[in-house]
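Novice: Protein chains in written order, with the working numbering: chain D, 11 to 438; chain Y, 176 to 340.
Check each hint, because a few of them may be wrong.
[Claimed, not checked] 25 angstroms max Cα-Cα, derived BS3-like pairs, lysine-lysine: (1) D:Lys222 to D:Lys301; (2) Y:Lys243 to Y:Lys280; (3) D:Lys154 to Y:Lys280; (4) D:Lys222 to D:Lys379; (5) D:Lys222 to Y:Lys280; (6) D:Lys364 to Y:Lys280; (7) D:Lys379 to D:Lys338; (8) Y:Lys323 to Y:Lys243; (9) D:Lys379 to D:Lys301; (10) Y:Lys243 to D:Lys154; (11) D:Lys222 to D:Lys338; (12) D:Lys301 to D:Lys338.
[Stated by the list, open to error] Computed Cβ-Cβ distance ranges for the label pairs, DEER-style: (13) D:Glu363 to Y:Asp328: 28 to 34 angstroms; (14) D:Gln41 to Y:Ala304: 35 to 41 angstroms; (15) D:Leu359 to Y:Arg256: 26 to 32 angstroms; (16) D:Gly244 to Y:Gly321: 30 to 36 angstroms; (17) Y:Val254 to D:Phe138: 54 to 60 angstroms.
Hints listed in this document are in silico derivations from the structure and should not be mistaken for laboratory results. Backbone N, C-alpha and C fix where the C-beta goes; we use that ideal spot for every residue, glycine too.
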Amino acid sequence: MHRGLFAIAVVLLAGYSAWGQNPPLANQAEQVRSLLERVERLEKRVAELEAKQPATTMVTDTMPGAAPSQKPEAEQAVPQPTLENSMKGHMDQNTVGQAETHYPALQIRGFADVDFSATDQPGTTSGFNLGQLDLHLASALSQKISYFGEMTFNAHPTGYTVEVERSIVRYDYNDFFKLSFGRYHTPIGYWNTAFHHGAWLQTTIDRPEMVKVGGEFTPIHFVGFLAEGNIPSGGAGLAYSLGVGNGRGDIITRPGDAGDNNNNRAWVANIFSRPARLYGLQFGASVYRDKISMGGGNDFREWIASAHVAWTRGDPELLAEFENVNHKSILTNTVSNSNAFYVQVGYRLPGLEKTLKPYYRFEYIHTPKSEVVFGDLGLVESIVGLRYDISSYAAFKAEYRHANRQVLSTPTFNGVVNGLFLQTSFTF
Amino acid sequence: MNNATKRIVASLWTAYWVGALLAWPSAAQTVRGDDIAVVVHPDTPVSDLSLADVRKVLLGERQYWTTKLPVVLLIRAPVARERDVVLRVIYQMSESQFKQYWVAKIFRAEAASPPKIVYSNDVELQLVAAMPGSIAFVDARNVRPGLKVLRVDGQLPGDRNYPLR
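Looking at chain Y on its own, in the form it has when it is part of the complex:
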C-alpha cells in the first residue's frame, strides 16, 4: 500500500468515525428534536388528548376547555416548521385550504375569530405561560419548564409513536 492510498484510507476512516461521533449525540435528540410538542397554559384541565381531540380543538369544534375557560389557539406564521407539521398532520390541509377553512368557519358564524398568529417560538411560549386557556405547538427542544406538555394519544414528544413530527 503506497502513501497516497494510506492517506485516502485514513481520510475515509476518519470521516467514518467523525460521522459516528456526530450521529451519536444527535440520535438521542432526533426524535425529540423533530417532535412538535402541544403545550398549554399550566392551569388547563387536560393532560392527555387523542389526536382526534387535538384536531377538534384546532378545527374550532371544541372552543372551551371548561365552561369558564375558552380555548385560545396560537399558531405560528407561515414558513415555521411547527405550522407545517400542524397543517400536515392535524388539519391535513395545504396553506391555501387552511386559510379558506378559517374564512368559511367565521363566515358560518361557527367561530368569532381565527387562531392568533405568532411570529416566534419565544413569543408563543410567553403567551402560553400568560394566557389562560391557550394552546400552542412548539418544537419540543424549546419547551420551557413551567408549561404543561400534553400527551397526544398517550405519547409525549420523544416517544417512539408520537404523532406530531
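Just chain D, same shape as in the assembly:
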C-alpha cells in the first residue's frame, strides 16, 4: 500500500514539475531516490514499532478460539527510544520465557447443546431437552506425557448423571509410537473417535444409530491400553492403533470400568490412510475381538470388522462407514452376522461466508433372527438437514427424519416414524 501511495505521489509530483518546465531527468531521479529512501526509513520504523509491542502480549499458547486478534498498530505502546537497548535483552528473555510451555499446561473446553424434537411416534411427546454438557480437559504434563479427559453431565427425568467418557494418560515416544492407558472411545471405524461427545463438531444433530452412545451395536468405550502412531509410508500417510482392554461388561452397552467380567481381554486394531495427494481424504479398516459373558455360561465370541471412508473438506463432505458384527455362541456354536452402515453427504454452500451446510444421511442396520446378544436393532432411516454456523463456535441445525424401526412395529403401527429435530450446539 505504501508503494502504491508512493507511486501516485511521485507521478503527481513529476507531472506537476513537467507542467512548468522541460523534464529535468537528473532532478527526477534524485527525487525518486530520496523518496525511496524515505519509504525505506518508514518501513524500518514500522519494523521497530512491531518489535516494541509490550512483551506481555507477544505470544499466547491458548486455544485458537481464544486467541485475540492482532492489535492495530495505532493502539500499541511505543517505548522511548532511549530505553530501547536496555529493554531489548530483557524483552527477548521475557518473550521466550512466555512462549515456553509450563507444565502442567491444563486447558479446558466445553461442549453443550439444547434440542427440540417432535415425532409422530405413538406415545411420545414433543418438547425441548438439554443435551449433554461435555467438559474436555487436555494437559501436557511434560514434553512427552499428556493427559486427556472428557466428562459429560446428562439430564434424566430424576436428575443428572455424570459420566467419565474418556480418561487417558499418554506417553509420546515419537510420531510412530505413542502409548496410553485409560478409558477410550474404541477406535472402531471413524465416527466414534472423530466427534466423541461434541455435538457441535459433527455436522448432524445425532450420531448414526450404529455408533450411538448407549447403543449395543458398537462397543463405544474401551478400558485398557492403546499403542498408536504413524507408519512410515511416504505419501500414503498410514497410521495405526492397537489396543488391549476389558471390552464389553455385564451390560453390553458399557465397558468393564471397574474390572473385566471374564478372564478374556478384548483387543482392537485400526489402520487408516490420509494420502498426501488427496488432502482431506481418510479411509481405513478396523477389527475388534472380544468374549461376551452374559451370565449362566451363555458366552459368545465377538468379531467386529469395520471399514470407513471420509472426505472432510466440507465442500463436499462425505462420511461412510460399514460394520459387521459376528457373534458365535460358545455353547451352541450358533453364528449370527449383524451389519450396519451409514452414508452421509454434505455441502458447504459458497455464499454467506460458507455458513450453510445442507446434508443428507442414510442409515441401515440389520440384525438377523439368530442374533441373541443384541435385541432387534433393525433400522432404515433417512435424514435431511441444514446446519447453519452462527459463529465460529456455535451452530444451529434442523433435521427431518424418516425412520423405519422393526422393533416399533405392532399390529396397529407400522414402525415408520417421521420427526422434526432442532438443535443449537456450541463450544466454549
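Using the hints, position chain Y against chain D.
Specialist: Okay, now just chain Y, sitting in the frame of chain D:
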C-alpha cells in the same frame, strides 16, 4: 503542437519513466517480497520439505523432528499476511475452519496444545532462534541471518515456483 499539448505529453512521458524506475528495483524484490519463508531453529535436522510434509507438520500429524526434538508450531495472529498465506496455501481453510480444526484436534487427543500465536515477525524470529524445534512462517524480506530457511518442494523464497506466496 501547442504548449498545453507539449506539457501533457511531457507529463505522460515523465510518468512513464518514473513508473519504470519504480518498477525496476521492485521487480527483483516482488518475488522475494511476496514469498513467505519457512524458517526453523538452526539445529532442526531438516532442510527440504515437500509442501505435503509442511502440511503434515502444520496439521499436527507430524509432531516430532526426531525422537528427542518435538515440533513447536508458531503462527502469526489473525490479520497478518503470513497467516493468510499459511491458511490459504497449506491448510486450505478459512479462519473459522482453522479454529475449528484445532479445537477438534485437541478434543480427539491427537495434540496436547494448539500452535503458539505470535503477534509480530520480530518476536516470531526471536522465538525461532531461541526455541529448539520451532518452525515459523515469515515474510522472506524479514528473515535474519542465523536462521535456517527450508526449501519447500526444492524451492527457496524468490524461486519462480516457490509455493508459499
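Novice: Sort out which numbered hints this structure fails and list those numbers smallest first.
Specialist: 17
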